[in-house]
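So the protein lines, in turn, are chains A and B.
Each residue of the first sequence is one higher than the last, beginning at 49 in the working numbering.
Each residue of the second sequence is one higher than the last, beginning at 49 in the working numbering.
Don't read these hints as lab results, they were simulated from the structure.
No incorrect hints appear here.
Since copy identity is lost for identical chains, a pair holds within one copy or between any two.
Below, in silico cross-link-like pairs of lysine-lysine (BS3-like), each with a Cα-Cα straight-line distance of 25 Å or less: (1) K83 to K245; (2) K83 to K230; (3) K139 to K126; (4) K83 to K227; (5) K245 to K203; (6) K227 to K245; (7) K245 to K190.
There are 2 protein chains.
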Amino acid sequence: MFLSKLDSLSNAQKLVSDNHKLTEVEEIPLFEAHKRVLAEDIIAFHDSPPFDKSAMDGFAVIGENTFGASQSAPKQLKIVDAIGAGDFSDKTVGENEAIVIATGAPIPDGANAVIMKEYTTTDGDELTIYSQVTPGENVSPKSEDIEKGQKILNKNTFIRYQELGLIASAGYDTVKVFKKPKVKIIITGNELVEPTKEEIDKAKIINSNQFTIKALVEDSGAVAEIIHAGDTFDEVKEAILKASEDYDVIMTTGGTAISKGDVVLDVVDDIGEILFHGVAIRPGKPAGAGVVNGKMVFTFSGQPVAAMSQFDMFARKYLFEMQGRAFDFHIVHRESQLKIPSQLGRTDFIRAVSDDEYAKHVLNRGSGIIRSMVEANSYIIIDENDEGYQKGDIVDVVMFDSLLW
Amino acid sequence: MFLSKLDSLSNAQKLVSDNHKLTEVEEIPLFEAHKRVLAEDIIAFHDSPPFDKSAMDGFAVIGENTFGASQSAPKQLKIVDAIGAGDFSDKTVGENEAIVIATGAPIPDGANAVIMKEYTTTDGDELTIYSQVTPGENVSPKSEDIEKGQKILNKNTFIRYQELGLIASAGYDTVKVFKKPKVKIIITGNELVEPTKEEIDKAKIINSNQFTIKALVEDSGAVAEIIHAGDTFDEVKEAILKASEDYDVIMTTGGTAISKGDVVLDVVDDIGEILFHGVAIRPGKPAGAGVVNGKMVFTFSGQPVAAMSQFDMFARKYLFEMQGRAFDFHIVHRESQLKIPSQLGRTDFIRAVSDDEYAKHVLNRGSGIIRSMVEANSYIIIDENDEGYQKGDIVDVVMFDSLLW
Numbered sequence: 049m050f051l052s053k054l055d056s057l058s059n060a061q062k063l064v065s066d067n068h069k070l071t072e073v074e075e076i077p078l079f080e081a082h083k084r085v086l087a088e089d090i091i092a093f094h095d096s097p098p099f100d101k102s103a104m105d106g107f108a109v110i111g112e113n114t115f116g117a118s119q120s121a122p123k124q125l126k127i128v129d130a131i132g133a134g135d136f137s138d139k140t141v142g143e144n145e146a147i148v149i150a151t152g153a154p155i156p157d158g159a160n161a162v163i164m165k166e167y168t169t170t171d172g173d174e175l176t177i178y179s180q181v182t183p184g185e186n187v188s189p190k191s192e193d194i195e196k197g198q199k200i201l202n203k204n205t206f207i208r209y210q211e212l213g214l215i216a217s218a219g220y221d222t223v224k225v226f227k228k229p230k231v232k233i234i235i236t237g238n239e240l241v242e243p244t245k246e247e248i249d250k251a252k253i254i255n256s257n258q259f260t261i262k263a264l265v266e267d268s269g270a271v272a273e274i275i276h277a278g279d280t281f282d283e284v285k286e287a288i289l290k291a292s293e294d295y296d297v298i299m300t301t302g303g304t305a306i307s308k309g310d311v312v313l314d315v316v317d318d319i320g321e322i323l324f325h326g327v328a329i330r331p332g333k334p335a336g337a338g339v340v341n342g343k344m345v346f347t348f349s350g351q352p353v354a355a356m357s358q359f360d361m362f363a364r365k366y367l368f369e370m371q372g373r374a375f376d377f378h379i380v381h382r383e384s385q386l387k388i389p390s391q392l393g394r395t396d397f398i399r400a401v402s403d404d405e406y407a408k409h410v411l412n413r414g415s416g417i418i419r420s421m422v423e424a425n426s427y428i429i430i431d432e433n434d435e436g437y438q439k440g441d442i443v444d445v446v447m448f449d450s451l452l453w
Numbered sequence: 049m050f051l052s053k054l055d056s057l058s059n060a061q062k063l064v065s066d067n068h069k070l071t072e073v074e075e076i077p078l079f080e081a082h083k084r085v086l087a088e089d090i091i092a093f094h095d096s097p098p099f100d101k102s103a104m105d106g107f108a109v110i111g112e113n114t115f116g117a118s119q120s121a122p123k124q125l126k127i128v129d130a131i132g133a134g135d136f137s138d139k140t141v142g143e144n145e146a147i148v149i150a151t152g153a154p155i156p157d158g159a160n161a162v163i164m165k166e167y168t169t170t171d172g173d174e175l176t177i178y179s180q181v182t183p184g185e186n187v188s189p190k191s192e193d194i195e196k197g198q199k200i201l202n203k204n205t206f207i208r209y210q211e212l213g214l215i216a217s218a219g220y221d222t223v224k225v226f227k228k229p230k231v232k233i234i235i236t237g238n239e240l241v242e243p244t245k246e247e248i249d250k251a252k253i254i255n256s257n258q259f260t261i262k263a264l265v266e267d268s269g270a271v272a273e274i275i276h277a278g279d280t281f282d283e284v285k286e287a288i289l290k291a292s293e294d295y296d297v298i299m300t301t302g303g304t305a306i307s308k309g310d311v312v313l314d315v316v317d318d319i320g321e322i323l324f325h326g327v328a329i330r331p332g333k334p335a336g337a338g339v340v341n342g343k344m345v346f347t348f349s350g351q352p353v354a355a356m357s358q359f360d361m362f363a364r365k366y367l368f369e370m371q372g373r374a375f376d377f378h379i380v381h382r383e384s385q386l387k388i389p390s391q392l393g394r395t396d397f398i399r400a401v402s403d404d405e406y407a408k409h410v411l412n413r414g415s416g417i418i419r420s421m422v423e424a425n426s427y428i429i430i431d432e433n434d435e436g437y438q439k440g441d442i443v444d445v446v447m448f449d450s451l452l453w
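Please put together the full structure from these sequences, using the hints given.
Right, dumping it as C-alpha cells:
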C-alpha cells in the first residue's frame, strides 16, 4: 500500500529524469518546422544579405558627392542607369553620377550610399538632390545578418517564427528535427461513459480525462491516441503491452475499482519496473510511474484535477526533453492575498488566480473539482519544507501559460 | 508619398479595430476544440458528480458509528455489500454496518462517510476500523463541481485543456466555436527565390517572409496559404481580388520595385479603400492596411523584421478578435540595462532580451536583421510621447510568449 511510504516530489521527478530518452531525428520541410526542435546545427550556406543592398527606394550615389546639399542649396547629379528589385547594374557610379535603385537591389560598383527618392527631383537624366547622405547611409551591408559558413543556430533550438526566417535565409528548405513523441493514453474505469446530453445510468460518470490529458499532451508538443481498457488485470496488461510496442510513452488514468486494487501498477510491476507509486504531493498523491519495454508509463489518478497536476509535475518535462527541449518550471514571486495552510513534508500545487503582483488561491480545492482548474491561471507551489503561508507572504507561482509548448 | 503624413500607431490600430469582423460559427467534435473559442454559453446537462461519490477506496459507513475508534481502541462493523466503480448498491447502511466501496462509486443510502481501506482490517464480513471519520469525510458531494442547468462557461471563453474537461462533464461531445480565419499571404518581389543550398543568382534574395508570416498567422489561431505575385499592378490586383473572394484576411509582403512604386497600395486604392499607409513606428514605417471586398488587407514590408513587427502591431489583435478572443498587449515593467534613444512622435518596438527584472535591447536594430528577432524574447515599447530612456529607467516590455494564441 503506497500510503505507508511516499516518495518526495523531487525524488519521484528525478526517477523520471533518470529514464530520459530522446525521440528519433527526422528531416521535414521547413514549412512544417514551426514549433519543432532543431536536431542539427544550422550552418549558413549564404551571406544574408548576399550583397550590399539598398534599404530604400532612391538613388545610389557616392556619399561624398552629396555633402552640403540642402533644400536651399540643392546639387545636381547625372542618372546613368536604373536597377529594379531582382536586377543589377553592370555600370559603375562615377563622380557626380547616380543610379536609380529599388529597395532590396544591389548597390552598384562605385556607389556607397542611397539618397531617398523623396529628397530628390528628376528631369530626364538630371537628378536634383535636396539633402546629403553619409557613406553607408541606407545601405544594408552584405552579410550583416548572416555570414556564409557561420553557425547561426544550435541544435536543440526551439523553432519560433523568427528562427524559420533565419533558417530559410541560410538556405535550408528542409530541416532535421526531433520527432514528436507518440503517446498512448489508456483510460481505465468501468464507471466511465462518453459525454452525452441524455440521462446517464446510475453510478456512471462522464469520462472527461480523455479530453484533458490528450490536450495536455498536445500542449507538450506531442501527439496522443486514446484507448479504453476494462478494469481487469488482463485487459490493462494487454493494452499496456501493445502500446509499449508502438508508442513512445504510455499514460493511464484511473485505477479505482476495488476488484482490481491498483491494477495498473500491478500490471507495470508484472511486465516492467515500477519507478515510484505514491508521492508526497497534493493533489495527486497516488501518482505512479514505471517502465515497460523501455517505454515510460505514467499512471495518473482518475480524479480530473489530480490527473492534470500529476501531468504537470511529471509528464510535461519528460515530453519536452524527449524532443530535445529544456523544461523547468518558471517560478515567479507574488504576494499571497490569502492565508494558505499546508503540511510539512508535502508539496502542494495550489490552483490560483495570479496577476503581475498578487496570487490568490482558488478556494474549492477538491481534486475532482475541474472548475477550480478552469478558474485558475496558475499554481502556487508550496515546498515540502514549508508549512504554509500567511496573507501578505511572498509565494512561488507558476503561470499556466509558461507551461505550454 | 506616405512619408509626408504618418499616422500615429494608436490611430492606425483604431482604423483596423473599426473594421473588426467575427468569423462564422461552426459546430465541431469536442476532441477538436482544444485552443478554439466558444461561440455559445455552456449550460450543464448534468450534475457533476452525478451522485455523492466516494473519493477513496474503503468502506461506506455512518460517520457517527466510528467516533472514538483508534489504533488502541478499534471498533467492529459488519460488511453487508460491496460496490465497484460503475456499480451501485440497493442496500442501506444501518447502524454499525459498512459497505465496501471503490473510489468513484456512489455512496449507498444510510452512509455519510468513507473510511479508507488502509485504516481497516477484515475477516470475512467482520470489519475492524482503527480510525474515526467525520460525516462527509472522503465523500465528493453530488454537484460539487457542476450543477445541472447552470451556465458553467461563457461564450468567448478560450478552450484550454481544463475547459475541455468541464465541457465534457457538462454533457457536450460537440461544441460551437468561431471558425479559424483563412488568411491569404501574397508575397511580392521579383528578387525573391526559394531557399536553396546552391549558389543564388546575383541580385536575388531568399524569400524568408513566407515562412515567418505563415507561422505568425498560426500563432494567432488562424490558417494561412501562400501565393507569389509578380511586381506588376495587374498581377497584384488579380491576386488580391481573387483572395478577397475566398479568404477572410489578406496579407501582402514587399513592394520594393521602383517600377511599381507602392504597387500594393495602388491596387488597394483602385479596388477598395486604404485605411492608412505610413505609420510613425520603428521598425515598419511603410505599414499599410485597407479593405477590399469587405476583407481586411494588411500590407507588410519586405524587410523581415519590419514585417514581423507590423504583424504584431496590427494583425495579431485583428485575428484574435475575429475568433471572439480578446487581445491586448500584456505590458510588464522592467529595468532597462542600457540607454535607449528614441524620437518624440514615433512609437518604437525594440527587440530585447528580458527576464523577470531586467530588459536589455538587442544592439543590432536594422529592420533586415532577422537575427535580432532570434536573439530577442520581447519588445521594449517606447511610446510616441517618450524620447527614450536612460540605463536604469523602468520601461514597458511585452514578452513574445505573451503574444501567442
